[in-house]
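Asks: If you read the protein sequences in the order shown, they are chains R and V. Each residue of the first sequence is one higher than the last, beginning at 1 in this note's numbering. Each residue of the second sequence is one higher than the last, beginning at 1001 in this note's numbering.
Hints are all accurate, no fakes.
A partial selection of chain V residues facing chain R, derived with a Cβ cut-off under 7 Å:
#, residue
1, 1046
2, 1048
3, 1079
4, 1089
5, 1090
6, 1101
Hints were generated in silico from the structure; no laboratory data involved. Please read all numbers here as calculations on a predicted model, not as lab measurements. Glycine included, each C-beta is placed from N, C-alpha and C at the ideal position.
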Amino acid sequence: MAIVFLTVPVAAIFLDAGPADLIDALGDETSIDALRLSLITSVVALAVIILVGTPVAYLLATKRFPGRAIAITLIELPLVLPPAVAGVGLLVALGPESFLGGLAVDAGIELVFQTTGVVVALTFVASPFYIRQAQSAFEALEPSWLEASRTLGASEALTFARVAVPAAIPGLVTGAALAWGRALGEFGATLVFAGSFQGITQTAPLAIVRLFGTDLNGALALSAVLVAFSAALLATVKLTARGRGYGLVVD
Amino acid sequence: MLSIDSVSQRLSDFELDLSLDVPSEGCLALVGPSGSGKTSLLRCVAGLSRPESGRIECGDELWSDSEGGAFVPPEERRCGYLFQDYALFPHLNAWRNVAYGLRGPSGERRARALDFLDRFGLADRAEAKPRTLSGGERQRVALARALAVEPSALLLDEPLSALDASTRGRAARELTATIAAAGVPTLLVTHDYTEAATLADEIGVIADGRIVQRGTAGDLAAAPGSAFVADLVGSVVLTGRAGTPGDSGTPVELGGGRTVWTTNSCEPGEVALSVHPWEILLEPAGSEAAGSARNRVPARVVSLTRLGNRVRVGLDAGQPVAAEVTPQAVDELGLSPGQEVLAVWKASATRVVEN
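One chain only, chain R, in its complex shape:
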């Protein structure tokens, strides 16, 4: 029963209209713009998350410092925050009226109702998915690997780059896939913070809602693309989880 309940809606997306209709509907300009925007913004957000999140996760995993538990809680906060609330928060914190938003405007960076704003919203909601996973991947490393690297002449930074990251790769890939999936599906925070303007801030999930009233096949086609992509990400996660780790065979 449970499996049927969980799979029927997904299957219905593909079965409601024929494949030909779906492919046809994808040719629509709204759909093309939305998919392109989703791809660009989610990839940029993912790059930011990986570049900043990897060292942060490493520090959280390997260092003990005052306020560490609070830092972890704050980083995980977006996980439990309703996305619309996240959007409102971003608007209040980074809107043109705010101090930070004012600084950004002075620097020539427009966030609200701009593509950059979409990237900010995606980064905000998706980063905990990556950081949590990366942190546990780093925590699973043998401390002696990192220490051996130090005694062999590598500084802490070099040890991070040459031992910690390569040895934690399976966990990092899983985290990146989860964060990417979350970013692609993001709706609420983007809508509130960046709006839904075709070609500028209207990502695929926003376009689905827009098309829903006027062009059901278009909405279904976009949904099908997102489902296929999410399934591919999930498969990546499962496969890296299976081949995970370099656990030494005890003989």
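Given the structure of chain R, go ahead and fit chain V onto it with the hints provided.
Replies: Relative to the frame of chain R, chain V by itself:
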């Protein structure tokens, strides 16, 4: 010379506090039960943790001094550290593990790493990932990696304990040769006295963060300073050359015309034997064989140490031997240092520890 001067560090339920010197080409083994502070000391020497007070020097380099606040990070100390689990990088194959600490063009690093692997008999395993190596191979790759950087000191943490019995003997012999060839101060920690006795020139017994006695294996076996040391030292270790096994066991030539028998099977060649001191009887010199014990070795009494209700008699039989007897036996035999006696034990009490 590696010199550790009043290094202290608070550990969970006691304080590490010790001073010791390791000569520039010597190997000192610290032996003690697990949790006695041995690994903590190695970590302080390597720079992986910071002592609360004290001074650590290697050669003319000051590594750590609580008074001046000096602290050299591990990457600048260049200690060859052999970790208990060997700590091979799982994502790198054997030669890349060895090349990790090397500097210079990649071709040169590779050639040097392969050369080191070859020296450790692992030329054909150069491309293997650590998880596909056997325990003994991992140990040798880790040693090659530690030595390839031409370390200023060698630190070995339980170097043989992760190996199974069948590979330990060979690994121990190779390690002894490796330590001698490295020519740098070597500090080894282990909970296994036999391991310390076979690998090191000198042994320091460590308990609750302090060195309770230091000396050669012979010194400790002959005259343990306390019951703790006597229990730790445990059995007598003899080395010799095994001959061809016969019906009644295998003869082992100890040198100086002394031969003992063991009922354990072993291959002809170099061999280490162990005997428990309480299994060795003492008889007056020149007495005729009266019992069933096959091994009758002439020896001279070196020391007498009272340990509770027994007396440990340190003997020189070409190699150090110790017997534990009752105080009455000491009186009856009139034992005193310098006296010649016969040490007697059964072939079945003579165990082969490595071959």
